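Chemist: Spelled out from the first residue to the last, the chains are:
There are 2 protein chains.
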Amino acid sequence: MQLLKERIRRDGIVREGGVLKVDSFLNHQMDIDLFEEIGKEFHRRFEGEEVTKILTIEASGIGIACITARYFQVPVVFAKKNKTKNIAGDVYTSRVESFTHGRVYDIMVSKDFLGKGDKVLLIDDFLANGKALEGLAQLVEDAGAELTGAGIVIEKGFQRGGDAIRGRGIHLESLAIIDSMDAASGTITFRER
Amino acid sequence: MQLLKERIRRDGIVREGGVLKVDSFLNHQMDIDLFEEIGKEFHRRFEGEEVTKILTIEASGIGIACITARYFQVPVVFAKKNKTKNIAGDVYTSRVESFTHGRVYDIMVSKDFLGKGDKVLLIDDFLANGKALEGLAQLVEDAGAELTGAGIVIEKGFQRGGDAIRGRGIHLESLAIIDSMDAASGTITFRER
Chain A
1 MQLLKERIRR DGIVREGGVL KVDSFLNHQM DIDLFEEIGK EFHRRFEGEE
51 VTKILTIEAS GIGIACITAR YFQVPVVFAK KNKTKNIAGD VYTSRVESFT
101 HGRVYDIMVS KDFLGKGDKV LLIDDFLANG KALEGLAQLV EDAGAELTGA
151 GIVIEKGFQR GGDAIRGRGI HLESLAIIDS MDAASGTITF RER
Chain B
1 MQLLKERIRR DGIVREGGVL KVDSFLNHQM DIDLFEEIGK EFHRRFEGEE
51 VTKILTIEAS GIGIACITAR YFQVPVVFAK KNKTKNIAGD VYTSRVESFT
101 HGRVYDIMVS KDFLGKGDKV LLIDDFLANG KALEGLAQLV EDAGAELTGA
151 GIVIEKGFQR GGDAIRGRGI HLESLAIIDS MDAASGTITF RER
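Residue numbers (our numbering), protein chains in the order written: chain A, 1 to 193; chain B, 1 to 193.
Chain A extracted, bound-state conformation (with noise of 0.2 Å):
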């Protein structure tokens, strides 16, 4: 996606130890505009595919998940990381290793949510060891859904976590892929398609 990564390039930060900051735009402050072309393009590369439910994960992909969701007509579902009074009840739980907080955490979704029937699209704005996507991922076999595919903004090429996830046979699309970045002199190479 063309706009996306003409974004990244002007705004990204390219930090050490393979972290890009985008928190101008994506994932602290959210440009609106931009999530607008996202949703569509989303909607796009999903084309066909049947979706009854986008499924994020609190707190960044929230807000690119319900603008796409408005692409699709459907609902979006965000698990939640910790465990709180309004969530009682049953739960579908998964573990995740998170590269950005450095810890690992539970997700879950409440099993009134998420069942036999729905065919899911995953969305999130990063996707570095895949660990979040394998993670919601779960939360969808366990729920005895159907998982049509997972949406991604942003994904480091240079980590695992995209092989991983197409070599389940997932229908993966990052809108942009980053093959390598370089800190020292804010460098980006995005893989070409």
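Be aware that a few hints might be false.
Copies of the same chain are indistinguishable here, so a pair counts whether it falls within one copy or spans any two.
Listed next, the in silico BS3-like pairs over lysine-lysine satisfying Cα-Cα at most 25 Å (straight line) [said to hold, decoys possible]:
| hint | residue 1 | residue 2 |
| --- | --- | --- |
| 1 | Lys81 | Lys21 |
| 2 | Lys81 | Lys131 |
| 3 | Lys131 | Lys119 |
| 4 | Lys116 | Lys21 |
| 5 | Lys111 | Lys21 |
| 6 | Lys5 | Lys21 |
| 7 | Lys131 | Lys111 |
| 8 | Lys40 | Lys119 |
| 9 | Lys21 | Lys131 |
Hints are computed from structural coordinates only; laboratory data are not their basis. Please read all numbers here as calculations on a predicted model, not as lab measurements.
Given the coordinates of chain A, work out where chain B should sit on it, guided by the hints.
Modeler: Using the frame of chain A, we list chain B on its own:
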């Protein structure tokens, strides 16, 4: 907002201890068509007032804020609850006591995304004791930005938050204000405007 009140009556579940579960359409599963109507209504209620940015708080405010932002044509910033690798650098912080989660936490926003010249509309799903909203208002003040007002989907009118916020002279618009709830009968009484 009639449509919202009807939805709360139909799908909301009243629990002991002043808990209202609306996670089938508002804050776990999210009905994007309803969010569109909510966004439209916030825009109508703040008509003529200047808004350059929407500020919300993770996680359940984000979806509503993003859809609402389409009507105001402004970016959204969400305050984060935990310090992560990606939000290093200068931040504004504020302390919040959560009713839902029964704990105290810090919220923070990068200084890059809130500052002098911003006219900020706060958006959140719930207003109970008002602590989250007060924390957000504090971030706006610390940033030297201007607070245009606050848009809340559901206000628990039987708690003190709304009065406290209004008492501070903040333009608060709550789309549904609940004056009382009864867990035994499931009755919800809305305030008439």
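Chemist: Could you place Lys116 and Lys21 in one of the four classes (within, between, both, neither) given a Cα distance threshold of 25 Å?
Modeler: Close across copies (23 Å), not inside one copy (38 Å); limit 25 Å.
Chemist: Within a copy, between copies, both or neither: which one fits Lys131 and Lys119 at a CA-CA cutoff of 25 Å?
Modeler: Only inside one copy: Lys131 and Lys119 sit 21 Å apart there, 38 Å across copies, limit 25 Å.
Chemist: State whether the alpha carbon distance between Lys81 and Lys131 is at most 25 Å within one copy, between copies, both, or neither.
Modeler: both (14 Å within a copy, 22 Å between copies)
Chemist: Indicate which option fits the pair Lys81, Lys21 if close means a Cα-Cα distance not exceeding 25 Å: within, between, both or neither.
Modeler: both (22 Å within a copy, 18 Å between copies)
Chemist: Should Lys5 paired with Lys21 be assigned to within, between, both, or neither, using CA atoms and 25 Å as the limit?
Modeler: Classified as within: same-chain Cα gap 14 Å, cross-chain 40 Å, threshold 25 Å.
Chemist: When no copy is specified for Lys40 and Lys119, does a C-alpha distance of 25 Å or less occur within a copy, between copies, both, or neither?
Modeler: Only inside one copy: Lys40 and Lys119 sit 19 Å apart there, 29 Å across copies, limit 25 Å.
Chemist: Reference check for the pair Lys21 and Lys131, CA-CA at most 25 Å: within, between, both, or neither?
Modeler: within (19 Å within a copy, 30 Å between copies)
Chemist: Please work out whether the CA atoms of Lys131 and Lys111 approach to 25 Å or closer within one copy, between two copies, in both situations, or in neither?
Modeler: within (21 Å within a copy, 30 Å between copies)
Chemist: State whether the alpha carbon distance between Lys111 and Lys21 is at most 25 Å within one copy, between copies, both, or neither.
Modeler: Between copies, since 15 Å is at most 25 Å while 34 Å is not.
Comparing the model with each earlier hint shows no violations; every hint is respected.
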